[in-house]
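Quick note, the sequences are listed as chains W and G, same order. Okay, so the first sequence: first residue is 1 according to this note's numbering, each after it adds one. Okay, so the second sequence: first residue is 309 according to this note's numbering, each after it adds one.
No lab work stands behind these hints: they were computed from the structure. Incorrect hints may appear among the rest.
Unchecked claim - Chain G is faced by these chain W residues, among others (derived, beta-carbon under 7 Å):
(1) M179
(2) P183
(3) K226
(4) Y256
(5) Y273
For each residue, glycine too, the CB sits at the ideal point set by N, CA and C.
Okay, here's what each chain looks like letter by letter:
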Amino acid sequence: MADRPRHQIRMPPDPMFAYCADPDTLQGLAWASCYLTTGKHLAFYASFGTVLVLLAVTAPVALAFGFGGAMAARSHFPPLRWFGKGYTAIVRGVPDIAFFLFFVIALDQGIEWLRHQVKCPDWDQPVRQGNDFVVCAQAKMPLSTSPQWVHETYGFGLAVITFAIVFGAFAANVLYGAMRSVPHAQIETAEAYGMTRRQATWRILVPQMWIYALPGLSNLWMILIKATPLLFLLGVEDIVYWARELGGQKTSIYAYPHPDWRLWYFVALLVFYLGLTRLSEIALARLTRRLSHGQATLAGEEMRRAGA
Amino acid sequence: MSCLDTIQSYALRSIGIGERLLPRSDFTLCEQVTLIGSGLIWNVYFGAVALALGFTLATGVALAKNARSPWLRKPAEWFVFVFRGSPLFIQFFLFYEAFVLLPKAGIEIFGFTAETRWLTRAWAGALIVLFLNTSAYSAEIFYGALRSIPRGDIEAADAYGLTGWPRFRRILWPSMLRLAWPAYTNEAIFLFHATTLVFFSSFPAWQQRGDALYYANYFADKTFNPFIPYPILAGYFILLTLIIITLFGMANRRLNRHLPQERRQKIRFRPQVIR
């Protein structure tokens with residue numbers, strides 16, 4: 001990834017409206033409509049999609065990691081249990097941003113090292129040479145000959161895995177707590193009916209634990225939303241990247257000269273995030289209501305009384 | 309260069325004392341440990357000052373949010389919503405750009421010229437952002453605590469004829485702090501973690517004087533080997549976290565000293581990732 005072509009020259013696409021052909025003659029609203037539909041602005045709008053895609057992909061993957069971690073932490077097989085406990089403990093006490101910066105390089109080098117071992121077995125030089133990390137050309141990930149979009153997708157994929165590892169650890173912590181909150185009598189009843197431990201876990205414990213996990217998970221979701229601007233630090237062209245790029249002062253050699261407008265671009269990002277937070281709050285409140293239905297909790301009991 | 313020499317040259321590098329040039333090649337473990345530790349000075353500075361200032365504002369905002377008058381309540385609610393609902397990273401960028409737009413020559417107020425240049429520097433600008441951010445988070449914690457003060461305490465205060473300031477100072481405030489303290493300890497820990505974002509948002513590290521993560525990232529970039537600087541950084545932060553837990557635990561014991569043993573609240577460290 002170290003030597004990937006970051007910025008290839010791309011031809012500017014045709015303007016969206018025909019009257020935008022000569023921006024110097026435009027005024028007022030027409031200027032604004034042309035300015036806001038340039039190719040770079042469309043890329044800026046698409047990067048909001050990048051954020052949403054990141055959220056949509058990371059949340060289930062992190063939840064799966066967390067579920068695996070929590071199940072491992074409950075295991076009766078000690079090495080697996082130590083792994084689960086260690087995984088949940090790893091992110092405590094250390095700033096997460098350090099993990100983000102660490103995992104992206106570590107994963108990249110790990111993948112390239114593994115490919116190096118497989119593809120170039122007769123390579124005799126050491127992989128670490130002083131301050132360099134050298135693998136053979138076939139082991140580069142992605143290959144230096146591959147097109148730009150492969151590089152971008154690979155970078156985004158690394159970011160998703162990094163987010164999933166860090167947030168998976170937090171989700172594991174929440175789910176482990178939730179599994180212990182399910183009333184023990186429920187499991188005992190299941191075992192009294194002759195279910196095995198595995199059956200009791202999958203048929204009784206797992207369906208009931210979500211309502212206990214929900215406050216922690218919704219907190220985690222809010223935090224995940226607020227962590228998405230860190231994509232910028234991982235080298236993905238996200239909304240922060242474009243806001244800095246587009247907002248910066250443009251002299252008259254550009255088609256649309258303007259002073260430093262970065263402040264307004266960041267105000268737009270702020271509003272975007274506030275809206276996302278508010279929407280999530282409303283959606284999570286509804287989900288809580290739904291999951292409380294028929295549960296042996298205070299909220300579930302109140303709903304039962306109201307219905308009866 | 310022996311390790312002692314390295315410590316002498318770089319231990320205070322992050323505040324501009326000692327060797328000017330950072331090591332450029334053949335990095336020793338000692339250099340990495342020293343420089344990253346030197347950067348930690350900034351993390352402690354940002355965290356401690358923002359926390360101390362934020363405590364006052366947070367108390368005020370929590371009271372305003374609890375007030376009956378909408379003129380006090382609404383602004384407090386919005387303040388908390390904006391700073392808690394948006395990423396700290398974006399807040400850093402936003403404030404930096406706003407500070408940059410201020411006139412370079414300063415602002416004329418009543419004939420005096422107020423300097424604005426220092427606002428774009430990290431030591432002041434980033435501190436303001438962290439101060440406002442932690443105020444909002446702490447205000448929400450304090451507000452929650454204020455709402456859950458036992459009714460008996462307030463009735464007792466009324467029975468003794470306490471009103472206004474003495475009622476707040478002697479009854480409400482201590483109870484509020486006692487109830488809020490475990491959550492506030494977590495807030496303090498995560499504020500210290502959040503200070504690592506400062507030099508990765510727009511604020512420039514002037515003359516390469518950065519915080520711990522700045523130097524860790526410097527070494528990782530130069531050596532292309534993340535497996536040494538980041539664990540060092542992690543070690544420093546675990547140590548810092550333990551110190552905070554100890555200090556806040558002492559305060560917690562003092563706040564709870566009038567209660568019977570079994571009703572005292574223990575501080576539980578609950579992780580929360582990013583603000």
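Query - Minimum beta-carbon distance criterion (7 Å), Y273 of chain W to chain G - result: holds (4 Å)
Requested in this report: Tell me if P183 of chain W is really an interface residue toward chain G, meaning its C-beta lies closer than 7 Å to one of theirs.
Outcome: violated (22 Å)
Query raised in the report: Regarding the hint that K226 of chain W lies at the interface with chain G, is the smallest CB-CB distance below 7 Å?
Result: Holds - the Cβ of K226 of chain W comes within 7 Å of chain G, reaching about 4 Å at its closest.
Query raised in the report: Does the interface hint hold: is Y256 of chain W within less than 7 Å of chain G, judged Cβ to Cβ?
Result: With a closest approach of 19 Å, the Y256 of chain W hint is violated.
Query - Interface hint status, M179 of chain W versus chain G (Cβ within 7 Å) - result: M179 of chain W check fails; min Cβ-Cβ to chain G is 17 Å, beyond 7 Å.
Violated hints, in rising order: 1, 2 and 4; the structure is consistent with all others.
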